[in-house]
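Got chain R; can you put chain Z on it based on the hints?
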Amino acid sequence: MSGSDLLERLGILADAAKYDASCASSGTDKRSSRGGRGVGSTQGMGICHAYAPDGRCISLLKVLLTNHCIFDCHYCINRKSSNVRRARFTPAEVVQLTLDFYRRNYIEGLFLSSGIVKSSNHTMEQLTEVARSLREDHDFRGYIHLKAIPEADPELVEQAGLWADRISINVELPTDPGLARLAPDKNAARIEGAMGHIGSAIDEAKDARKRFRHAPRFAPAGQSTQMIVGADGANDIAIIQRASSLYGRFGLRRVYYSAFSPIPDASAILPLKRPPLIREHRLYQSDWLTRFYGFAPEEIAEAAQDDGMLPLDIDPKLAWALKRREAFPVDVNTAPREALLRVPGLGTRAVDALLAARRHRRLRLDDVARLTVSVARLRPFLVAADWRPTRLTDRVDLRRMLAPPQQQLELFA
Amino acid sequence: MTPARKIAERVHVELDAPDDFAGWRERARALVAAHIAPEHVSWSVAGGTTGDLFATMASAPPPEANPAALVRASARFLDLAKTALLHRAPERFSLLYDLLWRLQANRHLMDDAADGQVRELERLARTVRRDIHKMRAFVRFRSMRDETGGERFVAWFEPEHHIVRANAAFFVDRFANQQWSILTPSLSLHWDGSALQEGPAARREDAPDHDATEAAWQRYYASIFNPARLKVSAMLKEMPRKYWKNMPETRLIPDLIAGAQAREAAMIAIAGEDIASSPMPANLADIAEGISDCSRCPIGCNGTRAVPGEGPTQARLLILGEQPGDTEETMGRPFVGPAGAVLDRHLAEAGIDRSAAYLTNAVKHFKFLPRGKKRLHQNPSAREIDHCRWWLDAERALVRPDWILALGASAGRALLGRTPSVGRERGVPVPLPDGTHMLLTAHPSYLLRLEGDARERETARFVQDLKVLAEALSSQHWRPELRQAAERISTSG
Numbered sequence: 001m002s003g004s005d006l007l008e009r010l011g012i013l014a015d016a017a018k019y020d021a022s023c024a025s026s027g028t029d030k031r032s033s034r035g036g037r038g039v040g041s042t043q044g045m046g047i048c049h050a051y052a053p054d055g056r057c058i059s060l061l062k063v064l065l066t067n068h069c070i071f072d073c074h075y076c077i078n079r080k081s082s083n084v085r086r087a088r089f090t091p092a093e094v095v096q097l098t099l100d101f102y103r104r105n106y107i108e109g110l111f112l113s114s115g116i117v118k119s120s121n122h123t124m125e126q127l128t129e130v131a132r133s134l135r136e137d138h139d140f141r142g143y144i145h146l147k148a149i150p151e152a153d154p155e156l157v158e159q160a161g162l163w164a165d166r167i168s169i170n171v172e173l174p175t176d177p178g179l180a181r182l183a184p185d186k187n188a189a190r191i192e193g194a195m196g197h198i199g200s201a202i203d204e205a206k207d208a209r210k211r212f213r214h215a216p217r218f219a220p221a222g223q224s225t226q227m228i229v230g231a232d233g234a235n236d237i238a239i240i241q242r243a244s245s246l247y248g249r250f251g252l253r254r255v256y257y258s259a260f261s262p263i264p265d266a267s268a269i270l271p272l273k274r275p276p277l278i279r280e281h282r283l284y285q286s287d288w289l290t291r292f293y294g295f296a297p298e299e300i301a302e303a304a305q306d307d308g309m310l311p312l313d314i315d316p317k318l319a320w321a322l323k324r325r326e327a328f329p330v331d332v333n334t335a336p337r338e339a340l341l342r343v344p345g346l347g348t349r350a351v352d353a354l355l356a357a358r359r360h361r362r363l364r365l366d367d368v369a370r371l372t373v374s375v376a377r378l379r380p381f382l383v384a385a386d387w388r389p390t391r392l393t394d395r396v397d398l399r400r401m402l403a404p405p406q407q408q409l410e411l412f413a
Numbered sequence: 414m415t416p417a418r419k420i421a422e423r424v425h426v427e428l429d430a431p432d433d434f435a436g437w438r439e440r441a442r443a444l445v446a447a448h449i450a451p452e453h454v455s456w457s458v459a460g461g462t463t464g465d466l467f468a469t470m471a472s473a474p475p476p477e478a479n480p481a482a483l484v485r486a487s488a489r490f491l492d493l494a495k496t497a498l499l500h501r502a503p504e505r506f507s508l509l510y511d512l513l514w515r516l517q518a519n520r521h522l523m524d525d526a527a528d529g530q531v532r533e534l535e536r537l538a539r540t541v542r543r544d545i546h547k548m549r550a551f552v553r554f555r556s557m558r559d560e561t562g563g564e565r566f567v568a569w570f571e572p573e574h575h576i577v578r579a580n581a582a583f584f585v586d587r588f589a590n591q592q593w594s595i596l597t598p599s600l601s602l603h604w605d606g607s608a609l610q611e612g613p614a615a616r617r618e619d620a621p622d623h624d625a626t627e628a629a630w631q632r633y634y635a636s637i638f639n640p641a642r643l644k645v646s647a648m649l650k651e652m653p654r655k656y657w658k659n660m661p662e663t664r665l666i667p668d669l670i671a672g673a674q675a676r677e678a679a680m681i682a683i684a685g686e687d688i689a690s691s692p693m694p695a696n697l698a699d700i701a702e703g704i705s706d707c708s709r710c711p712i713g714c715n716g717t718r719a720v721p722g723e724g725p726t727q728a729r730l731l732i733l734g735e736q737p738g739d740t741e742e743t744m745g746r747p748f749v750g751p752a753g754a755v756l757d758r759h760l761a762e763a764g765i766d767r768s769a770a771y772l773t774n775a776v777k778h779f780k781f782l783p784r785g786k787k788r789l790h791q792n793p794s795a796r797e798i799d800h801c802r803w804w805l806d807a808e809r810a811l812v813r814p815d816w817i818l819a820l821g822a823s824a825g826r827a828l829l830g831r832t833p834s835v836g837r838e839r840g841v842p843v844p845l846p847d848g849t850h851m852l853l854t855a856h857p858s859y860l861l862r863l864e865g866d867a868r869e870r871e872t873a874r875f876v877q878d879l880k881v882l883a884e885a886l887s888s889q890h891w892r893p894e895l896r897q898a899a900e901r902i903s904t905s906g
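Protein chains in written order, with the numbering used here: chain R, 1 to 413; chain Z, 414 to 906.
In case anyone wonders, no lab produced these hints; they're calculated from the structure.
Please note that the accuracy of each hint is not assured.
Not everything, but these chain Z residues come out facing chain R in the computed CB check (under 7 Å) [to be verified]: (1) I545; (2) R549; (3) T626; (4) F638; (5) K644; (6) E662; (7) I666; (8) P667; (9) V835.
Here are the simulated distance ranges between beta carbons [claimed, not checked]: (10) R:A296 to Z:E452: 50 to 56 Å; (11) Z:G672 to R:N235: 32 to 38 Å; (12) R:E136 to Z:R485: 47 to 53 Å; (13) R:A296 to Z:G672: 42 to 48 Å; (14) Z:E611 to R:I70: 55 to 61 Å; (15) R:R364 to Z:K786: 32 to 38 Å; (16) R:V373 to Z:P783: 23 to 29 Å; (17) R:E298 to Z:P783: 29 to 35 Å; (18) R:N235 to Z:G785: 40 to 46 Å; (19) Z:E651 to R:T90: 31 to 37 Å.
Stretches of chain Z that chain R covers, calculated by requiring three or more beta carbons in the stretch to come under 8 Å of a beta carbon on chain R [to be verified]: (20) 647-656; (21) 798-804.
Fair warning: this is a prediction, and the values are worked out from it, not measured in the lab.
Glycine included, every Cβ here is placed at the ideal spot set by N, Cα and C.
Pulled out of the complex, with its shape left as it was, chain Z reads as follows:
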């Protein structure tokens, strides 16, 4: 063949429909036969926006095409192409044409599973196959009476790709002897028992909004679920949320999960009742080990790492926070995150040596709400703080500090047994029954949440509280009399 013919700069092909495989094949075959390379061809679908403004519209194959030129494609290519063409990605037509073009020179191209374009084709086909499969699985018919009084089953479904026509045969095979309609945002299918008709795009409101049998189906769904083996991620992997809105059973899921978790929490709460009778840990290492597999409250069971206290065993000062945060949980050490940095700075300012203090938290595990990749801090509940107090009491008995700096209301609750008001009770030393003194102040993370003037004002109050503490720590004379007082209380009581 001589290149006598002048090839247009670009050829643009418009297909009739987004799932028009026969049309694509016919045009592609003609273009390959006419030796028009992929870089000169662009594709679009009728009714959509034209992909290429500068291309000549080629409604018919170029007349010079050599009819004798055989265009070849392997069976595997055709198989995958038929499916992949239903993908919604606009570039699917050119990818298919690229591959068809390359197949002419390399008949075994499709066997090369490591080739980038072959892999992309396989990926498109796989995605479409999954969408087809999920449509077969998740279409839910509702029964209704049509104009003639006959029973018709109608479903509303929102597929991701152009699969509705390709899936029609499946539903005809399955429901050949009942009348049904499947409505979708792009077209609708109607089967009257002998012929399939295509209708225009539909809306959700066109489908019936209830069906009495759904109550039975929901009861079945709730009963067949085994709450002892909750595996939510496995469910979500196969039944992603995007399908949920058209499936009657899925509205039960949140309750089923909450019910299963409540059941577990109830069991744990019962197990927690006998905690008081457990033997006291002999040293801090025992506590660190004990909290790591403590499951006496729901936070202990959330799979995060327990964060043990840190510091000298005989520290005069115990600094008590609320619970480990994201950074603390990751590093396994208390007060190493942003709030820890604020604390460190102000301790140094007030002249308190952090390394001489014992730092720990009221609750040893990190309670959070997952938000995408982030873990949002959640306040522990009073019940959880009270549960975890057993560990704190054991730490206090071993460290025997003179002073406890309580950061925030949760820390206050862990010491007092009631939730104090930080605003009213801060900055004043409070004697505790075991002879130690508590000084309550705000949690440093509170300062981090404030801005501007408020932040300055609160920081000043925080520093002021720390100075009260620093002064108390430096004065030596109060200590013996306090100890004596404490011993008097414990012997008389």
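With the rest of the complex left out, here is chain R:
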């Protein structure tokens, strides 16, 4: 496993894979290499083995099998009409690279995707072959994430689920017209059909394992998807509603949002302006609100401005609270968990600590301060044993008081 040629190809195919946001290695079942022939273990929690200067975690070897592609999706650097350098790996090369990296504790496993070569079915077979070889030939017990090709036969995708921890199919764009315009070779119904297929295969396998201990596993870490933000005209509300329907219909573990970043050799029909990175961040925050804080997508829509976009200067929870002031203040000593979770500035951990602590005594503002990052932000929304906001929630300038001040950029030296 040496040679400058392989390094060259690794450079090209890792570079081509970096537009996929996911690097998660969590949520699969527990495994260990004890009693086996190979390496690898998984716990519930993933591990980030390194961080790149873009602040992102490096957990998996994230590469493409090849960046040759017969599709011509405008937002994609690997589209047929793009001028990028092309390269390909053989399945055996990817297997060896994964094992070499894993044995030195560089990675948690492999995230393999590919451009479409020859046909969708051929590509899917090649991807599956890598996963099969790792599992069968080398008894690899680390994490494997495969990107499925929605245009491939469902049986082939299903085969991949037997080896992989996670399967994902990217919906790519939040709206169907956007997909039709920017990814002419893809078909929204086809993508959703494939996601539905994987979703039911996961459910079936889980059900079977309840009754038969040795029933085969199918993608134990579930399926996820990714949407590109800012390449078509969809506003934040449309994106959140799309995500929520995906979570509901296909039992997705995660929806990733990727701010459209101008790619080298961009296609002419893409917008030139990139969306602010903070928009991506606000979408993730709202995603968390629906998944862990009991917010319905309609409630997050309330937080949005008239143009259907979430405010960029404050987080969506604060934006919601400022619009629904009649729901506050909330009494830390009596309010139910659901109500506390809606207080801007209180996270799930702080809420649980407050609930445990208040069983023993009446909480004062100082107690709350010790359990949270900034009590100043919380004060207008809370009642404590020694604190009651005096009509603070009526103030017109409350938003200005709570919005974070403009910050200087950080420099690196």
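Positioned in the frame of chain R, the structure of chain Z alone reads:
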């Protein structure tokens, strides 16, 4: 139980190892059962310095301990204590004993997350958990051949807390079928495929110094990084520099960051080419607004506030500095920092009215190097001064001063287009093409950097230059002929 037994003034307990939780638990249980309050107990680790000289060494629990007395601890306490005990803080043993003691009276103590000691315990446990997690993440094995010719993977790691033994199972689970060793400054672990052995403390030199696969890993690291989204602080938060020295990929980081910044600077330089074709600002307010979002040079993009010029629109004197400093950037006004104070004093001495002059800088943004909390001034490059000259020219066209006092070489460059030698060219009026006169002198911050005689000498020269200027300003007769001369030049040229 009657207090018939005489309790020693202090009990000292010595544990076998810094991560000896079982030992601590056994001794603590016995001490609580014997009703020995925390203020009478001290702890240490064998081989370390004895914590308490006046304590009796209690190698066994006091014989009078009531075996029937039940010592209780909540599951949550045990859970946290197991982890927190691995912390390197010497006071961890007493903190744990304090809490165990208080738990006997208050079974729900651990639920009170607002209690100071509970919070401290949680903090210790959190720190240790993070260290454990970072070890799992950042250990880097290198492949080598051992005496028998078999392949062995060896890593050198420097943990912050006593976590190595606690982390062994993780590495065994993960690498059960390869032979590996993890060497640390306190002990080493060796796995031969079936049993784990502990060895003595090791040194970095004991581990192999290279591995061919690292080239591939470095290539991967450099390629997966997206230079369009540089977020260095996010990286440093999760991967602090203390871990860098044992990770092969981190030596690429400075180059990757510099490369990303150079790319951005190149884009900006290209954008800067067409600056000349932009329309001239109509008034000083437009200039102030324009410079605030100017990003035509890297200083403009460093996130600091632009500092606009200040003073009467039709001032006869324009005072030109180099660039705003720390204070100026914070206040958003020119010459309000230490150098500004020196300037003010000498202007007043020379009889020049600062409030009648227009003050501005050759470069409108503050260029600096962050050093901890401080921002160290950095000279702007010639290219940056030349870029920013467009704004200065616009100011000069609007203010139309008779005289320009140029402070320092950077200011001189902004007026002359070349970097003058302050020592040779100072104190002599130089006519400029637009009919104004320039007088070059040192920058007042230069005086601040000098000491003793040198400072006195240079201050005198500075004052002398200002007096030349004051004299020129007070004489009225030169002005009309200069204007005429200037107009002649511009109409003939």
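Status of each hint after checking the structure:
Contact between I545 of chain Z and chain R, as hinted, is not supported at the beta carbon level, the nearest pair being about 11 Å apart and thus beyond 7 Å. Of the supplied interface hints, the one on R549 of chain Z holds, with its beta-carbon coming within about 6 Å of a beta-carbon of chain R, less than 7 Å. Taking 7 Å as the C-beta contact cut-off toward chain R, the hint placing T626 of chain Z at the interface holds, the least distance being around 5 Å. For the restraint placing F638 of chain Z at the interface with chain R, the shortest Cβ-Cβ distance is roughly 4 Å, inside the 7 Å limit, so the hint holds.
Restraint check, K644 of chain Z versus chain R: the minimum CB separation of about 3 Å is within 7 Å; hint holds. About 6 Å separates the beta-carbon of E662 of chain Z from the nearest beta-carbon of chain R, less than 7 Å, and the hint is met. At about 6 Å, the closest approach between the beta carbon of I666 of chain Z and any beta carbon in chain R falls short of 7 Å, and the interface hint on this residue holds. A hinted interface residue such as P667 of chain Z counts as satisfied when its beta carbon comes closer than 7 Å to some beta carbon of chain R; here the least separation is about 9 Å, so the hint is violated.
For V835 of chain Z, the interface hint is violated, the least distance from its beta-carbon to any beta-carbon of chain R being 29 Å, above 7 Å. For A296 of chain R and E452 of chain Z, the Cβ-Cβ distance of about 55 Å falls inside the hinted range of 50 to 56 Å, so the restraint holds. Roughly 35 Å separates the CB atoms of G672 of chain Z and N235 of chain R, a value that falls within the hinted 32 to 38 Å. Look at E136 of chain R against R485 of chain Z: about 52 Å separates their beta carbons, and that is inside 47 to 53 Å.
Between A296 of chain R and G672 of chain Z the CB atoms are about 45 Å apart, so this pair conforms to the stated range of 42 to 48 Å. Hint check: E611 of chain Z to I70 of chain R, Cβ distance near 57 Å, so the stated range 55 to 61 Å holds. Evaluation of the 32 to 38 Å hint for R364 of chain R and K786 of chain Z yields a pass: the beta carbon distance comes to about 34 Å. Range check, V373 of chain R to P783 of chain Z: Cβ separation about 24 Å, and the 23 to 29 Å hint holds.
Restraint check, E298 of chain R to P783 of chain Z: a C-beta distance of roughly 45 Å breaks the suggested window 29 to 35 Å. Between N235 of chain R and G785 of chain Z the Cβ separation comes to about 43 Å, which falls inside the hinted range of 40 to 46 Å. In this structure the supplied range 31 to 37 Å holds for E651 of chain Z paired with T90 of chain R, their Cβ-Cβ distance being about 34 Å. Judged by the Cβ-Cβ criterion of 8 Å, the segment 647-656 of chain Z is covered by chain R as claimed, because 4 of its residues qualify and three suffice.
For the segment 798-804 of chain Z, the assignment as covered by chain R is violated, since 0 residues bring a beta-carbon within under 8 Å of that chain's beta-carbons and 3 are needed.
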